[in-house]
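Engineer: Taking the hints into account, I'd like the entire structure generated from these sequences.
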Amino acid sequence: MWSSLILLPILVTALDTAIAHSQNRPRPGRGRGSNWWGIAKAGEPNNLLPLVPGAISYMGDPVTQSTLRRKQRRLVRENPGVLVAVSKGANMAIQECQFQFKNRRWNCSTRNFFRGKNLFGKIVDRGCRETAFIYAITSAAVTHAVARACAEGSIESCTCDYSHVSRGSPKGAGAPGGVHGVRDWEWGGCSDNIGFGFKFSREFVDTGERGRSLREKMNLHNNEAGRVHVAAEMRQECKCHGMSGSCTVKTCWMRLPPFRIVGDNLKDRFDGASRVIFPNSGSLRSGGKKSRYNFQLKPYNPEHKPPGPKDLVYLETSPGFCERNPRLGIQGTQGRQCNDTSIGVDGCDLMCCGRGHKTQEVVVVERCACTFHWCCEVKCKLCRTKKTIHTCL
Amino acid sequence: MAGTVLENLSGRKLAVLVGFILVGQVACFLIGGLIAPQPSTTEQILATKCIDTSNGTEEWFYVRGPKPCRKLDFYESPNEDQDIANDIVFAFQLPPIREKVMLDFSRWQQNLVGILHVDMTYHSEYKMAPRVVMSVNAKLGYQNKHDPPDKWTYYASSVEKRNLECSIEQKIDGYLYNCSIIPLFELGSLHHDFYLLNIRLPVNHGQNSDLGHVADMWLFAINQTGGFTKVWLSLKCIFFPSIIGILSWFWRRISALQRKPQVLEIMLLITALSLTLLNAPIELLTLKFDLPFMLLLTDIRQGLFYAALLSFWLVFSAEHLMEIQKKSLKEYWPYFSTVGIGCVSLFMFELCERGIQLRNPFYSIWVTDAGTKMAMALLVIGGVCGLSYLILLFYLIWKVFCNISSKRASLPAMSQARKLHYSGIIYRFNFLMIATLVCACLTVVAFCLGQVSEAQFKFEEHQDLEYTSAFLTGVYGMWNIYIFALLALYAPSHKRWPSQADLNLPTNEIEFSCLEPEPSEISSLTTFAKKTALE
Numbered sequence: 293m294w295s296s297l298i299l300l301p302i303l304v305t306a307l308d309t310a311i312a313h314s315q316n317r318p319r320p321g322r323g324r325g326s327n328w329w330g331i332a333k334a335g336e337p338n339n340l341l342p343l344v345p346g347a348i349s350y351m352g353d354p355v356t357q358s359t360l361r362r363k364q365r366r367l368v369r370e371n372p373g374v375l376v377a378v379s380k381g382a383n384m385a386i387q388e389c390q391f392q393f394k395n396r397r398w399n400c401s402t403r404n405f406f407r408g409k410n411l412f413g414k415i416v417d418r419g420c421r422e423t424a425f426i427y428a429i430t431s432a433a434v435t436h437a438v439a440r441a442c443a444e445g446s447i448e449s450c451t452c453d454y455s456h457v458s459r460g461s462p463k464g465a466g467a468p469g470g471v472h473g474v475r476d477w478e479w480g481g482c483s484d485n486i487g488f489g490f491k492f493s494r495e496f497v498d499t500g501e502r503g504r505s506l507r508e509k510m511n512l513h514n515n516e517a518g519r520v521h522v523a524a525e526m527r528q529e530c531k532c533h534g535m536s537g538s539c540t541v542k543t544c545w546m547r548l549p550p551f552r553i554v555g556d557n558l559k560d561r562f563d564g565a566s567r568v569i570f571p572n573s574g575s576l577r578s579g580g581k582k583s584r585y586n587f588q589l590k591p592y593n594p595e596h597k598p599p600g601p602k603d604l605v606y607l608e609t610s611p612g613f614c615e616r617n618p619r620l621g622i623q624g625t626q627g628r629q630c631n632d633t634s635i636g637v638d639g640c641d642l643m644c645c646g647r648g649h650k651t652q653e654v655v656v657v658e659r660c661a662c663t664f665h666w667c668c669e670v671k672c673k674l675c676r677t678k679k680t681i682h683t684c685l
Numbered sequence: 007m008a009g010t011v012l013e014n015l016s017g018r019k020l021a022v023l024v025g026f027i028l029v030g031q032v033a034c035f036l037i038g039g040l041i042a043p044q045p046s047t048t049e050q051i052l053a054t055k056c057i058d059t060s061n062g063t064e065e066w067f068y069v070r071g072p073k074p075c076r077k078l079d080f081y082e083s084p085n086e087d088q089d090i091a092n093d094i095v096f097a098f099q100l101p102p103i104r105e106k107v108m109l110d111f112s113r114w115q116q117n118l119v120g121i122l123h124v125d126m127t128y129h130s131e132y133k134m135a136p137r138v139v140m141s142v143n144a145k146l147g148y149q150n151k152h153d154p155p156d157k158w159t160y161y162a163s164s165v166e167k168r169n170l171e172c173s174i175e176q177k178i179d180g181y182l183y184n185c186s187i188i189p190l191f192e193l194g195s196l197h198h199d200f201y202l203l204n205i206r207l208p209v210n211h212g213q214n215s216d217l218g219h220v221a222d223m224w225l226f227a228i229n230q231t232g233g234f235t236k237v238w239l240s241l242k243c244i245f246f247p248s249i250i251g252i253l254s255w256f257w258r259r260i261s262a263l264q265r266k267p268q269v270l271e272i273m274l275l276i277t278a279l280s281l282t283l284l285n286a287p288i289e290l291l292t293l294k295f296d297l298p299f300m301l302l303l304t305d306i307r308q309g310l311f312y313a314a315l316l317s318f319w320l321v322f323s324a325e326h327l328m329e330i331q332k333k334s335l336k337e338y339w340p341y342f343s344t345v346g347i348g349c350v351s352l353f354m355f356e357l358c359e360r361g362i363q364l365r366n367p368f369y370s371i372w373v374t375d376a377g378t379k380m381a382m383a384l385l386v387i388g389g390v391c392g393l394s395y396l397i398l399l400f401y402l403i404w405k406v407f408c409n410i411s412s413k414r415a416s417l418p419a420m421s422q423a424r425k426l427h428y429s430g431i432i433y434r435f436n437f438l439m440i441a442t443l444v445c446a447c448l449t450v451v452a453f454c455l456g457q458v459s460e461a462q463f464k465f466e467e468h469q470d471l472e473y474t475s476a477f478l479t480g481v482y483g484m485w486n487i488y489i490f491a492l493l494a495l496y497a498p499s500h501k502r503w504p505s506q507a508d509l510n511l512p513t514n515e516i517e518f519s520c521l522e523p524e525p526s527e528i529s530s531l532t533t534f535a536k537k538t539a540l541e
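Residue numbers (this note's numbering), protein chains in the order written: chain L, 293 to 685; chain S, 7 to 541.
Simulated from the structure, these hints should not be mistaken for laboratory data. All residues carry an ideal CB built from backbone N, CA and C; glycine is no exception. Check the hints yourself; a few may be wrong.
[As the list claims (entries may be wrong)] Okay, the calculated beta carbon distance ranges per label pair:
{"no.": "1", "chain 1": "S", "residue 1": "178", "chain 2": "L", "residue 2": "659", "range": "40 to 46 angstroms"}
{"no.": "2", "chain 1": "S", "residue 1": "20", "chain 2": "L", "residue 2": "475", "range": "42 to 48 angstroms"}
{"no.": "3", "chain 1": "S", "residue 1": "440", "chain 2": "L", "residue 2": "560", "range": "54 to 60 angstroms"}
Structural biologist: Put into structure tokens, the structure is as follows:
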């Protein structure tokens with residue numbers, strides 16, 4: 293269904309990536325569209341306030357310059373306020389990833405960001421499960437954050453109606469689109485913001501993933517899976533407001549899900565991700581503009597079902613995350629805390645990969661017995677508690 | 007015979023008429039389905055958290071404008087200063103900005119309903135009760151297009167208490183509670199271009215002390231769509247003159263008679279008048295004037311029509327009992343009492359809810375315990391009346407059908423021509439009964455479909471037919487066409503004007519003259535009933 297709605301932007305995308313292709317040579321193997329994650333470190337969101345006349349200056353920010361591709365910079369230029377949303381989204385993705393993986397050997401650690409290096413480290417060079425999750429969660433986060441920013445009014449160019457593709461460009465630049473928007477708004481109201489978030493994420497996140505190589509197909513699939521998870525968790529709410537408040541007239545709307553739910557669902561899909569292989573000849577090469585998202589990956593094990601739109605896919609098995617491996621950018625589990633009573637991955641046996649752990653007793657000073665007001669903690673006591681900490685050797 | 011038009015209509019003419027009615031009905035349905043957009047639309051607006059530095063309550067806080075408020079992106083770190091909760095203002099500016107254009111409300115959009123939703127985060131240190139009372143200090147202002155951009159005019163304000171019910175499945179820090187929506191305000195007229203809502207959650211004197219961590223606040227603003235209003239008013243502009251036209255024709259027919267109008271005819275007249283009242287496109291006035299009572303007035307007009315229609319059905323069935331004729335409308339008062347009491351209690355409820363909302367748009371009868379009890383009592387009375395009405399109506403209809411079938415049993419004793427004649431009449435009455443039943447059923451089905459609209463509401467799917475609008479216009483058109491057809495078919499026929507002499511004929515003479523047009527003004531089924539009683 294979406295594929296029919298997105299023809300136009302994909303045309304634009306395809307054209308643009310062809311131009312951008314010659315400039316930005318990516319590492320072999322990795323997809324191309326992953327550098328933008330660095331936007332998470334592009335300064336505090338407070339410095340990027342929308343609607344402030346000087347806000348355009350972020351374009352000169354070296355971080356922005358080095359992380360965004362040409363098309364992404366254009367999108368940012370044409371949609372004032374979107375950079376803050378994307379930056380918030382990237383941070384949200386990192387937080388969510390670290391929350392979901394806090395008890396695993398790979399804990400979604402990010403490195404200090406350097407120019408030209410990847411935020412999540414070299415792990416994204418490999419087409420493994422962890423990479424699949426990173427792509428999905430970041431793409432989902434952009435969808436979520438942009439839709440949210442539309443609702444808050446901090447992106448001015450969110451479109452009114454997404455059901456009519458023919459009407460103007462999705463960037464909504466220029467007066468004609470605006471006039472359409474006003475007319476649509478008066479006649480039938482505007483659609484949910486998720487539509488804009490979804491399409492913006494496709495254009496922004498999927499730039500450069502042209503779907504030529506298998507790795508690019510994997511990235512495209514996982515990006516799309518992330519977005520689908522956001523859209524699928526939309527919740528419907530209704531209100532009756534007919535005669536005397538009866539249900540003769542009832543209005544329903546879709547509410548954006550809490551991002552935590554999206555993270556939970558993606559984590560479930562991570563656990564059940566499917567390994568895929570290069571499909572038979574032809575189907576990959578046939579990449580017309582229309583079929584960019586319209587491909588079917590083949591499961592590695594022919595007896596498994598082919599992956600669905602919500603499934604995460606990966607190409608190769610994950611490396612061991614036990615030992616430090618600078619070549620792959622793996623930190624190792626040395627020094628990580630573990631839980632000696634658990635038999636799961638966070639248990640000391642598995643977490644420390646059999647190297648054993650040391651146990652310390654420490655006294656921690658924590659805030660406790662706080663009384664809350666709805667926004668902020670107001671009064672807390674300081675409690676000293678003894679805690680036993682297990683650390684991997 | 008004279009009787010009504012229906013009885014004198016040939017089968018072919020009746021078929022043509024029914025054909026036209028069906029075409030009109032389908033047209034009404036399609037106008038709603040193909041032209042009109044959905045009847046109402048929702049805008050989701052996320053609150054901007056502003057910080058009130060001045061401590062002054064008279065100030066307005068807004069995001070878009072010359073002096074936007076100081077935003078609070080994340081709640082500041084633990085603070086001993088208790089006032090921070092009091093200083094946070096949730097600002098909603100509506101309508102939203104789209105495609106770089108500041109949208110404004112059009113007066114075609116008629117009304118506005120505001121619903122709050124709170125994103126409440128779970129904290130293991132502070133657990134929230136599943137049901138808390140939230141105090142909301144809300145202030146609504148408006149601005150018109152040619153006002154200076156920082157001028158907001160006060161519209162209404164109120165400190166309201168609302169019940170908030172929250173549940174959570176996975177009790178882990180950072181997860182969100184699943185909270186109920188909070189209906190906040192209802193504006194009966196959408197007269198101004200921009201609205202601004204400022205909300206505070208004060209924490210003085212134990213207010214809001216049970217509230218959990220409010221991470222975000224959303225406003226869902228529902229308004230009628232301009233397109234739907236336009237289609238609806240166009241329909242009204244078509245129905246209004248046509249019903250008036252047929253009504254005056256009907257009344258001319260009646261007043262041309264020498265006898266006094268019958269109960270059924272008076273009842274039909276009342277129903278048609280109430281429909282005319284409902285059809286009058288007085289909503290057009292809202293395009294020029296600020297009329298907050300329009301929502302209430304529309305409800306009252308609609309209620310009057312339903313009351314008249316329900317009473318009409320009672321009289322219609324009772325008049326065809328073929329027993330003793332009730333001569334005056336006053337004798338029907340025990341019948342009307344079910345409709346009357348029910349309507350009065352619903353009217354009281356309406357006044358308590360939407361009437362008070364005229365003064366305070368944030369008011370809701372459901373928040374206080376006493377109000378809830380009263381509202382429930384009024385609704386229960388209304389429900390009981392509705393139920394007893396239905397029982398009475400179905401009893402009457404059942405009796406009519408019993409009578410008809412018992413009379414039909416005596417048909418074989420009659421001559422062949424008379425038998426055909428009478429079974430034709432019975433057939434046509436049954437036909438109209440069925441038409442009424444079909445109309446009532448369609449309304450119920452339309453209502454039920456509105457209730458299960460969840461199944462039709464799907465993200466990413468765009469439907470070509472707008473079902474909700476189609477059913478609303480379809481049902482509205484149906485009752486108009488129904489009344490139109492009743493007026494046309496139940497008008498006295500003037501195929502042959504009856505003379506006073508004919509009326510004075512003894513009944514057994516009528517019996518022999520009935521192959522010719524029957525010289526009676528009363529409907530021939532009742533004549534038939536009298537005759538069979540004599541036989």
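Engineer: Give a verdict on every hint.
Structural biologist: Here is how each hint holds up against the structure:
no. : hint                                 : verdict
1   : 178/S with 659/L: 40 to 46 angstroms : violated, 19 angstroms
2   : 20/S with 475/L: 42 to 48 angstroms  : holds, 45 angstroms
3   : 440/S with 560/L: 54 to 60 angstroms : holds, 55 angstroms
Of the numbered hints given earlier, the model fails hint 1 alone.
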